[in-house]
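Protein chains in written order, with the numbering used here: chain A, 8 to 439; chain B, 8 to 439.
There could be a bad hint or two in this list.
Put simply, identical chains are the same to the list, so a pair is met inside one copy or across any two.
To be verified - For lysine-lysine, the following DSS-like pairs were computed, each having C-alpha atoms within a straight-line distance of at most 27 Å:
id : residue 1 : residue 2
1  : K402      : K377
2  : K222      : K69
3  : K391      : K189
4  : K189      : K277
5  : K172      : K339
6  : K293      : K402
7  : K373      : K131
8  : K169      : K391
9  : K377      : K293
10 : K18       : K373
11 : K59       : K18
12 : K143      : K391
Think of the hints as simulated: they come from the structure by calculation, not from any bench.
There are 2 protein chains.
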Amino acid sequence: MNASEFRRRGKEMVDYVADYIEGIEGRQVYPDVEPGYLRPLIPTSAPQEPDKYEDIVSDIEKIIMPGVTHWHSPYFFAYFPTASSYPAMLADMLCGAIGCIGFSWAASPACTELETVMMDWLGKMLQLPEAFLAEKAGEGGGVIQGSASEATLMSLLAARAKVTKRLQAASPGLTEAAVLEKLVAYSSDQVVATLGTTSCCSFDRLSEVGPICNKEGMWLHIDAAYAGSAFICPEFRHLLNGVEFADSFNFNPHKWLLVNFDCSAMWVKKRADLTGAFKLDPLYLKHSHQDSGLITDYRHWQLPLGRRFRSLKLWFVCRMYGVTGLQAYIRKHVQLAHEFESFVHQDPRFEICAEVTLGLVCFRLKGSNKLNEALLERINGAKKIHLVPCHLRDKFVLRFAICSRVVESAHVQLAWEHIRGLATDLLAAGME
Amino acid sequence: MNASEFRRRGKEMVDYVADYIEGIEGRQVYPDVEPGYLRPLIPTSAPQEPDKYEDIVSDIEKIIMPGVTHWHSPYFFAYFPTASSYPAMLADMLCGAIGCIGFSWAASPACTELETVMMDWLGKMLQLPEAFLAEKAGEGGGVIQGSASEATLMSLLAARAKVTKRLQAASPGLTEAAVLEKLVAYSSDQVVATLGTTSCCSFDRLSEVGPICNKEGMWLHIDAAYAGSAFICPEFRHLLNGVEFADSFNFNPHKWLLVNFDCSAMWVKKRADLTGAFKLDPLYLKHSHQDSGLITDYRHWQLPLGRRFRSLKLWFVCRMYGVTGLQAYIRKHVQLAHEFESFVHQDPRFEICAEVTLGLVCFRLKGSNKLNEALLERINGAKKIHLVPCHLRDKFVLRFAICSRVVESAHVQLAWEHIRGLATDLLAAGME
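Please model the complete structure; the sequences and the hints are all you need to start from.
Structural data, given as structure tokens:
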């Protein structure tokens, strides 16, 4: 495919993408396929000679779409949101074209420098303490990771390297294994200090945990993967109070801040803690500026060597929405969650199972777990909307998460009417 | 930005991308900027109100491009190639629009199932032993990781979990820390068993290492990050002989197989070794098919929970190039490397420092390391072409890697004439 064919096919694809998103409400949110559906539909091996592009395009609707769970449908209320916006998609096209691998400053200075500044923009939007920002040429700074899991793993490894050095300095001769045996990672049943758990979006009390960690010389990592985006709104910022005690902090703009996956934002107070644990310097990666103290080589901040130009997505999204646009987006989702909450409150057969703070409502029918399992089965079997459950203190609970960029009050109302109707049928069938 | 504006801006971006790639030869391959160049060019915080899209677009050429190292320029001969092709970019647009997070089969069945089949396609192109394929519903299969580092880490963790279980079964009461202290990971100075090292593209002897590992019950992971793509050509497949002894194998189609970053292909003989080490099953991720034995939940195969629909890129690329097209691409690059090698051989001032097997030529001026450091400095200072060095047995060596999709014989000739000229100047200045 040459450039002129790409111009033609690329523009067709832009239209396909726009058609898909404009028409997503008309697609069944959860697919009908059974496991193994796809293999019989395609050849057992790659073609020797090129296929026609038209055939690939027609296979998208024939083979791929019937097996897609439509995460961006306004009837998708499962898991947590995954971000999607047109500005982020435009930025990703540019990212693919530049196609640099930004493991060092020299490998593409713009890739590193835009990331550092975007992480400052984002940190300021969250009113992070200055110690986390790179701006003042201090010791802190931010980095884009692929996922919150990677950010957590990086924190654990950095914490381990730091404490091992400290213990070995205090007791020379101590082996690394002996240190490892003594190390303890404290976590709740939702792991590390968490703001906005996946099950029910609950919040750990940082102002209690934080001072203890600081006093005992323990590394404090805070994971606010989903909830973090909300902290750009002043009315939710108090949920982040205590972040000043943390060594590292992470949230995922790719969940709720309109930046397509992957873009997991992580900040540390002391960049040397990360780079000290992971420094990798073979000659082929060295460059003339690296010892100047002026530059950042992000390969020392992450597990993989390679990295895409992901800050372009943040840049496009922040500029095309503006802070007020992003705040309005968060507020709309929270408002819709409260709307759903009020519906549940109005029906005495149901109960709310956890405080609704952001965009997640945990609810259930009063009654047995079995009853609620049956309700969820009917909901997901009908495939008009899509939900997933969780366990809260041994209770089987339904999660209603506001997810789609295009979800409106009308969709939430329809979803609720649908759930109520299925519950009525179920109760009429004598289940308790 | 609504759908109709995206249609317009998306098509403009398609043209920008095509213009960029068509015109990339005219851009200076390595940028002129100094560390810290970008921060003064953009505001210190995100705009409160939306910017105009036109302003963002004009900032691409004003702010971003001056700091880009152009990895896809035909004058870029540094590091290793990173893949880029129009079909992969089209697939990535579709991937962004679908925007599913395929951590489980249910989270988007097409995402999981296409990946499994594409990994079989790719495995067959490499003539991997059947034990690595998922096709026959055996114990093996493939997964797309983000990077070779992640694949290596997954192998190490899986190997550790496996041997820990074995030792604890043999000696109940053995603590995990005691096991860890006994574990040894063998590697060369280029890490794990490697086919095509980064420094000089050398190859470990699998047929010697493999049987020892198997006999001693040691996990054998083979990393062929760069070289793996070449094994789709029958004349290079012998370099992979011995893979039948491996427990896991990995290479990066995102390096040399025209699939844009990230797409790191990893196969295991026993998927239970991976999933046994990493199984994560909270209720909100469970689905009705997961215990059927019929499906794959890729979250158990990797570190992050989230994952994009990356197999679309493989699908588009395999179909648009066909196996013969991909083979021709590899062969052209290898041919260009040999062409450069023959130029070096013809100039008695230079020497070749390692066998040229694939697309990398390691060479230097006969003489001191200092001389070669000075030569590299002049080459990269002139910014007509871009190279990086390596150390081979204490010698400072220049690496000439064939990288760009659009590099032709004429570019290689120009690059060589340029290098020769700079060497002549350097030697005339009396350096030895």
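Now for the hints, and whether the structure bears them out:
1. For the homomeric pair K402 and K377, the shortest alpha-carbon distance inside one copy (10 Å) is at most 27 Å, but the shortest distance between copies (71 Å) is not.
2. For the homomeric pair K222 and K69, neither the shortest alpha-carbon distance inside one copy (60 Å) nor that between copies (48 Å) is at most 27 Å.
3. Proximity of K391 to K189 under the C-alpha cut-off of 27 Å is found in neither arrangement, the shortest distances being 52 Å within a copy and 55 Å between copies.
4. For the identical chains of this complex, K189 and K277 are intra-copy neighbours only, at 24 Å inside a copy versus 33 Å across copies, given an alpha-carbon limit of 27 Å.
5. For the identical chains of this complex, K172 and K339 are neighbours neither inside a copy (48 Å) nor across copies (50 Å), given an alpha-carbon limit of 27 Å.
6. In this assembly of identical chains, K293 and K402 lie within 27 Å of each other by CA distance solely across copies; the values are 16 Å between and 55 Å within a copy.
7. In the homo-oligomer, the alpha carbons of K373 and K131 never lie at most 27 Å apart, since the shortest distance is 43 Å inside one protomer and 54 Å across protomers.
8. For the identical chains of this complex, K169 and K391 are neighbours neither inside a copy (51 Å) nor across copies (43 Å), given an alpha-carbon limit of 27 Å.
9. For the identical chains of this complex, K377 and K293 are inter-copy neighbours only, at 16 Å across copies versus 61 Å inside a copy, given an alpha-carbon limit of 27 Å.
10. In this homomeric assembly, K18 and K373 never come within 27 Å of each other (Cα to Cα): the closest approach is 52 Å inside a single copy and 52 Å across copies.
11. When the C-alpha separation of K59 and K18 is checked against a cutoff of 27 Å, the pair qualifies both within a copy, at 17 Å, and between copies, at 22 Å.
12. For the identical chains of this complex, K143 and K391 are neighbours neither inside a copy (51 Å) nor across copies (35 Å), given an alpha-carbon limit of 27 Å.
The earlier numbered hints that this structure contradicts are 2, 3, 5, 7, 8, 10, 12.
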